[in-house]
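Take the sequences, apply the hints, and build the full model.
Just so you know, the protein sequences line up as chains A and B, in that order. For what it's worth, full-length UniProt numbering labels the leading residue of the first sequence as 1, then goes sequentially. For what it's worth, full-length UniProt numbering labels the leading residue of the second sequence as 1, then goes sequentially.
It is worth saying that the hints were derived from the structure and are not from the lab. From the three backbone atoms N, C-alpha and C, an ideal C-beta is built for every residue, glycine too. It is possible that part of the hints are untrue.
Counterexamples of contact, computed for chain B against chain A with all Cβ distances above 10 Å [claimed, not checked]: (1) A162; (2) S172; (3) I188; (4) K209; (5) L279; (6) G280; (7) Y290; (8) L304.
Have a look at the derived ranges for each label pair, beta carbon to beta carbon [said to hold, decoys possible]: (9) A:S11 - B:T58: 40 to 48 Å; (10) B:D311 - A:L72: 17 to 25 Å; (11) A:L205 - B:D305: 35 to 43 Å; (12) B:I121 - A:L72: 27 to 35 Å; (13) B:A65 - A:A188: 49 to 57 Å; (14) A:V29 - B:E270: 37 to 45 Å; (15) B:D311 - A:S11: 36 to 44 Å.
Selected chain A positions facing chain B (Cβ under 8 Å, derived; list incomplete) [as the list claims (entries may be wrong)]: (16) V12; (17) F16; (18) N22; (19) V28; (20) D37.
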Amino acid sequence: MNAPLRRVAISVLVLFTLLIVNVNVIQVVRSDELRSDGRNTRVLVEEYDSERGSMVVGGTEVANSVPTDDQLTYLRQYANGPVYAPVTGYYSLVYGNWQLERAADDVLSGDDARLFTRRLADLFTGRDPSGGDVVLTLDTAVQETAMAGLEGVTGAVVALDPSTGAVLGLASTPTYDPNQLSSHEPAAIREYAEGLEALEIDPRLNRAIDARYSPGSIFKVVVSAAALADGQYTSDTVIPAPQELVLPGTSTPLENFGGSACDPSGRQSLLDALTVSCNTAFAQLGIDLGEDRVRQMAEAFGIDGEGFDIPLTVADSTLGEIENDAQLGVSSIGQQDVQLTPLQAAMIASAVANDGTLMSPYLVDQVRAPDLSVIDQTDPEELSEPVSAEVADQLTEMMTSVVENGSGRRARIPGVTVAGKTGTAENAGPDHNWFIGFAPADDPQIAVAVFVANGGGTGGDVSAPIARDVMQAYLDGQGG
Amino acid sequence: MTAGPTTDPRAAAPGTATPPKRRNTELALLGFAVVITLVAQAIVDLTVTGSLTAELATFGLWFTALWAVAHLVVRRWAPYADPLLLPSVALLVGLGLSFIHRLDLAAQQAGSSVSREDAPIQLVWATLGMVLFVGVLLVLRDHRLLSRFAYTLALVGLVLLAIPAVLPSSLSEVNGAKIWIRVAGFSIQPGEFAKICLTVFFAAYLVDKRDVLALASRRVMGLELPRGRDLGPVLVAWMLSILVLVFERDLGSSLLLFGIFVVMLYVATERASWLLIGLGLFAAGALVAYQIFGHVQQRVDSWLDPFAYYDGSGFQVAQALFGLGTGGLFGAGLGGGRPDQVPVAKSDFIAAAVGEELGLFGLVAVIIVYLVLVERGLRTSLICRDAFGKLLAAGLAFAIAWQVFVVLGGVTGLLPLTGLTTPFLAYGGSSLVANFVLVALLVRISDAARRPAAPTGPPKPALGDAPTEVVQT
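Right, dumping it as C-alpha cells:
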C-alpha cells in the first residue's frame, strides 16, 4: 500500500500548494484592489479609528474629532458649522470628504509626509496615531460678519490680506450644517443631503471659489490698469464718454446705466469715468487699447483661464473668446463672456492695494503636529506683478474717488479712507451685485470682494454695505 | 543479550540500541507552541484593551497544564509516538483560542448585545477533548482492537450522520445546513464524530476486502477496471454522501466522507481506477444536485463571483476576501484589523481573521503547520506494520488534509463554501473534541509504528497481547 500512500502524500502537498498560491493571489496580487473596494469598510473604519486633526481659526477649533461609544471611534464635529462650512466642508461616511476636509486630508488624517516621523514613533510606542492640525488664515470677525451680511441672499464674500495673500474670510450663502453630513447615521446623512440637493442651488457649493459670474463694472479696474500701464494714459487723461456707443460692425447701441450721459460734454477724465462707472467710456477705451493689452493685464491679475488651489480648488476665471471689437467693447465693461470667481475679484483689489503686487492667496497658515508643535508655516508668495507701484497709486486714487464721490458711497467708513469699485452685472435673471475694494486706502490691511447673485439692485446699494461691515470688523479687530 | 516478553513497554533500558523516542523534542516544541499562544493572547489584550487581564494568568496556567498532561500521558503510554503531532495540534488550538478571544473582545467593543465570551467555552471544550485524548490512549492500548468494533462503529457513524436529517429543522438547522443537534443551548455537529467512526470502519472493511476489490476485470486505456459486482461498496458510500448532500444540505460533510472513502479505497487496492470512478460518480451526483436544488445553485453562483451576490449569499466570502486583501503581506497585527466584519468569523471563517491580522505570512504558516500534521500522519501510515493501522492512519491524516483544503478553499474562494469547520483552529466544541480523538488515534498508531519491531516471532502478535514487546538488552 506504500506506493499509493506516497502518491496521496504528494497530492496533499499539491492541494496545500494550491491553497497557498491562492492566498498569495488574494493577499498580494489582489490586495490593493480588495483594500480599496468601496464596499470594504475596513479602511474607512480604520480612518475613523484615529483622531483626525482639527481646523483652528483664531485659536478656536472649528472642526475637531471627539471620541464616541459606537463602532466608529471618532465623530467629526463643527463648532459654528454653518459659518465655516464653505471652508471646512464635511467628513462624511456616505459622501466622502469635501473642501478642506478633502484638500488637507493628508495632514488631518496623519498621512502627510511631514508627519511621517511622528507616525513612525506611534508605531513603536503604541500611541494611538492621530492627525495633524491645520491653523487657518481666517479671521473670526471677518468670517462671521461676512456670513451675517449675506444672510438671506445667495452670494459670497472673500477677504484677503493684500500684503500676504492670507484669506481672511471665505463666505458663501446659502450655507448648510456640516455636522448633519458627518454624523455616524448613514440614513440621516442621506436624508439631509437629499434635502440640500432639492434646493435650487446646492449649498455645498462654495460660490466664492466653485462658481464664476459676470463681473460687470468691477472689471473696469482691470481695463483702467491696462490703460495706465500702457503709458499713454493717466487718471487725468480725458477720454470719450458718449451717451451711446454704437459698437463697431453692429447697429446695437451700448448705453450707460439707466441710459444717462456720463458727462454733458461727452468726454471725461479716466478718474471720472471710473467714478461714475461709465460704460461707453470703458467700452471705447478697451477697443482703443486692443484685445492683447486687455487680455495681458487680465492674465497678470490671474484671469488666465486656469484654476488653482488655496488649497481648496478654485475654479478658473476667464475672459472668454473675443472675436471682434464689438465683443471687446462689451468685455471691457465686464460683460460678454468674462467670468470671475469672487476670489479672483478679491485678488484684483488685493493687487492694487499691495502696490501692484499680487500675492498668492492661501488658507492654511500653519500645519501643527498633534503635540501642537508647528511643522510647517506658510510663507507668503508673490504670484505676479500686474502693475507698477505708480499705476497702483493712480488706481487707488481712482477707486478712492469711487467710494468718496461715486457709486460706492455706501462703503464709506468714518475715519477711514476706502477704495473700491462697484459692479452690476446683467445676466439671465436679476442683476448680480458686486463690490471690490480695500481699506485703509493709504495703508491697506484688507481687500474684499462681495458678490450677491441676482441681488436685483446695484453693487453700490447691495454689496458695498456688506463690504463696509466686513472691512470695518477687521479694522476694529486690528486696531485693538 | 536477554530476550523475553514483558508487559511493560517502558522496560527498554536506556542506553540500548532502541530508536530514539524524541519525547524531549516534543516537550520543547510543545513549550514553543504554548509560549506563542500566551504571547499572542497578551498581544491581543494589550492592543485591544490596552492592559493585561487577570484572566490571562488563569488561561496561561490552564493551557500549559493541558499540554503538560498530554505530554506526560504520551511519555508514559505512547512513548514512541511521532513528536510533531502533539505540538502541531497545540499550536493550532492555541492560535485558535487567541483569535476567538480577539473576536470576543471585538464583539464587546462593538457593544454587541450578545457579548458572550466564547474563548473560555472553547477552552472547556479543549479540556474535554484532552480528557478524551488521554482516555483513548489509556483505554486503547492497541489500535488493532478497534477493527473488532468496525461494524458497531459503522452503525454509530451512520446514526450520528442521520440524526440531523431526521430531526426537525428547529433542532438541527443553522444557517441553512441541517447538520446539527441543538439541545439545551448546546449545538453538536455529529458529523465530526461520524467522520472518525466511518474512517475506522472503512479501514477495517477495506483491509478485509481489498484483495477482492483489487481484482481487475479488464483493461481500458491502460486502466484496470474493477469487476462490476465489486462496485457495491463504492456505490453505497456514494449514495450515502448524496443523501447527506440532499437531506442535510451540506456539501462539506458529503465531500469529506466520500473523499476519505475513495482515497482509502485507492490506498487499499492500489487501483487508480477507483479514484476515477469515485471522481466521476461525485461529479455526476454534484451536477444532478446542482440542476435540482436551488441552494446548491446559489452556493455555486456565489462561489464563482461573490461580489455579484454581495448583498446576499456572497457577502461572507466577499468580506473574508476584503479582510485578506486588507491584511496583505504582513497583516494588520493581532488586534489591529477588523476580522469581526466577517459574519461568523469565529467558526467558519477564522482563517480569514488569521489572514487579516497575521497577513499572508501568518496564514501560510498556519497552512504549513497543518501540512506538517498531515504529512506526519501519512508518514505514520507509511511505516506502520499492520494493514489496518496503515489504512486507518492514512484515512485519518487525509481526513484532516481534505477538511482543511475544503474549508480554506471555501473561505478563500477556491471552492464553494461548505459548512465544515477548520480543524483545531475554529470555534466549535464537536469539531475540537472529535479532532482530539482523531489525533489520539494517530498518536496511538504512530507509537506502534515507531516502536522497535520484535526481532523474532510473528509479525502480527495476537490481538490480546497488544502492548507486548520483545526487548533487547
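Each hint, compared with the structure:
no.	hint	result
1	A162	29 Å, holds
2	S172	30 Å, holds
3	I188	28 Å, holds
4	K209	14 Å, holds
5	L279	12 Å, holds
6	G280	17 Å, holds
7	Y290	22 Å, holds
8	L304	15 Å, holds
9	A:S11 - B:T58: 40 to 48 Å	43 Å, holds
10	B:D311 - A:L72: 17 to 25 Å	22 Å, holds
11	A:L205 - B:D305: 35 to 43 Å	39 Å, holds
12	B:I121 - A:L72: 27 to 35 Å	30 Å, holds
13	B:A65 - A:A188: 49 to 57 Å	53 Å, holds
14	A:V29 - B:E270: 37 to 45 Å	40 Å, holds
15	B:D311 - A:S11: 36 to 44 Å	38 Å, holds
16	V12	4 Å, holds
17	F16	5 Å, holds
18	N22	5 Å, holds
19	V28	6 Å, holds
20	D37	6 Å, holds
When the structure is compared with the earlier hints, no violation turns up for any of them.
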